[in-house]
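Number of protein chains: 2
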Amino acid sequence: MSKWKVLDTKEVLNTPFCRFRIDRCELPDGRIMPKYYVLDFTDWVNIVPVTENGEIVLIRQYRHGSGKSTLEIPGGALDARCDSSPQIAAVRELEEETGYTSDQVESLGVHYPNPALQSNQLHTFIAYQCKETMKQNLDPFEDISVELMSVEDVIQKVYSGEINHSLIVASLFLALRKFNLSPLPTK
Amino acid sequence: MSKWKVLDTKEVLNTPFCRFRIDRCELPDGRIMPKYYVLDFTDWVNIVPVTENGEIVLIRQYRHGSGKSTLEIPGGALDARCDSSPQIAAVRELEEETGYTSDQVESLGVHYPNPALQSNQLHTFIAYQCKETMKQNLDPFEDISVELMSVEDVIQKVYSGEINHSLIVASLFLALRKFNLSPLPTK
Chain A
1 MSKWKVLDTK
11 EVLNTPFCRF
21 RIDRCELPDG
31 RIMPKYYVLD
41 FTDWVNIVPV
51 TENGEIVLIR
61 QYRHGSGKST
71 LEIPGGALDA
81 RCDSSPQIAA
91 VRELEEETGY
101 TSDQVESLGV
111 HYPNPALQSN
121 QLHTFIAYQC
131 KETMKQNLDP
141 FEDISVELMS
151 VEDVIQKVYS
161 GEINHSLIVA
171 SLFLALRKFN
181 LSPLPTK
Chain B
1 MSKWKVLDTK
11 EVLNTPFCRF
21 RIDRCELPDG
31 RIMPKYYVLD
41 FTDWVNIVPV
51 TENGEIVLIR
61 QYRHGSGKST
71 LEIPGGALDA
81 RCDSSPQIAA
91 VRELEEETGY
101 TSDQVESLGV
111 HYPNPALQSN
121 QLHTFIAYQC
131 KETMKQNLDP
141 FEDISVELMS
151 VEDVIQKVYS
161 GEINHSLIVA
171 SLFLALRKFN
181 LSPLPTK
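Residue numbers (the numbering used here), protein chains in the order written: chain A, 1 to 187; chain B, 1 to 187.
Check before you lean on any hint, since a few could be wrong.
From the structure, some residues in chain A lie toward chain B, with a derived Cβ separation under 10 Å [said to hold, decoys possible]: (1) Gly30; (2) Lys68; (3) Phe141; (4) Ser166; (5) Leu167.
27 Å max Cα-Cα, derived DSS-like pairs, lysine-lysine [said to hold, decoys possible]: (6) B/Lys68 with A/Lys35; (7) B/Lys3 with B/Lys68; (8) B/Lys131 with A/Lys157; (9) B/Lys3 with A/Lys3; (10) A/Lys157 with B/Lys68.
None of these hints come from the bench; they were simulated from the model. Just so you know, these numbers come straight off a predicted model, no measurement behind them. Cβ atoms here follow ideal geometry from the backbone N, Cα and C, with glycine treated the same way.
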């Protein structure tokens, strides 16, 4: 399944945070796909913050897309003005959204949040030994409360549907093996 | 964190599969959010198909958003012309994309694929005792190969990053407890 060849591309919308384009493509067998819609965002990051006591630092915030408050881990979009890497963006989001800091951050993996529709990637990190050393530093329209929870309670809330943001659930899956909670034997 | 009040909404793009709108909102504290971008799609479905032997039926297909081939479980968008429920859509996608059928389908939960940006939901199902009883019935531009894999191998491929579609990973998390592979004690 080799890459489609883009014969022509047309931008149909350009907002401050994404670009919407229509590609005309040639498939490997020569067929022509006349209109394929793609959304270009910058890359996104999620970070699983773990305190010295092994608790997870969660945030609760209103999301106007769904019209609901959601329980999440910190995350956001890479900001070209200040983020020279996904890890720097993830640490920035952790600090801004929670006031917690960590000097032990590692990558858990890279996803495509929606490869059918979007070109961007989602980078997931875990931060160990998190401590509350700062005040939250929120964007003008952010209103975020912080909640600490055991890993077992976080997993239970995924199963119960209280944690129901797909991109957060996907990042949490990657973290399971770091708590010796992997469903596979840990090597 | 109560709901924002939409003071005004403006459609900026309408494609065959989604609508892009800008809302002007009033926050609970009276502040005005001048422009909040929302994408309205129909709801989406994913289905975890399990054969009589306990293997998972995966599909591999090219995704032009990411420009890569991805390993996924079957899924897609609700089609108002033929899907009177998310479960009917999930079963239809299973049959069309793989040729497998099942008469034991159950819901695993409902997510928001991206509540910051999108209004739609993602419904996840599991199908037991799947058998290959039909031929694939693909959309004109779909080119999908089917692969059977043990649950343990599927999980390993989530950790290794070979399965890297966030919405698929999120649906697979919900299925873990059905294989007695939940990281929590199964009740």
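Quiz item: Are the Cα positions of B/Lys3 and A/Lys3 separated by 27 Å at most?
Solution: Since the Cα atoms of B/Lys3 and A/Lys3 sit roughly 43 Å apart, the hinted pair is violated (cutoff 27 Å).
Practice problem: Could you check if A/Phe141 really has its C-beta closer than 10 Å to a C-beta on chain B? | Solution: Cβ of A/Phe141 sits 6 Å from chain B, so the hint holds.
Quiz item: Going by Cβ atoms only, is A/Gly30 closer than 10 Å to chain B?
Solution: violated, 13 Å
Practice problem: Against chain B, run the beta carbon of A/Lys68 and see if the smallest gap drops under 10 Å. | Solution: holds, 6 Å
Quiz prompt | Proposed interface contact between A/Ser166 and chain B, which counts if any beta carbon pair is under 10 Å | solution = Interface hint status for A/Ser166: holds (4 Å vs cutoff 10 Å).
Quiz item: Is the Cα-Cα distance between B/Lys131 and A/Lys157 27 Å or less?
Solution: violated, 33 Å
Exercise. Verify the proposed pairing of B/Lys68 with A/Lys35, using a straight-line Cα cut of 27 Å.
Key: holds, 18 Å
Practice problem: For the hint on A/Leu167, just tell me whether its beta-carbon gets within less than 10 Å of chain B. | Solution: Nearest chain B Cβ about 5 Å off; hint holds.
Quiz item: B/Lys3 and B/Lys68: Cα distance at most 27 Å?
Solution: violated, 38 Å
Quiz prompt | Proposed proximity, B/Lys68 with A/Lys157 (alpha carbon, max 27 Å) | solution = Violated - the C-alpha atoms of B/Lys68 and A/Lys157 are around 32 Å apart, more than 27 Å.
The structure does not agree with the numbered hints 1, 7, 8, 9, 10 stated previously, though it agrees with the rest.
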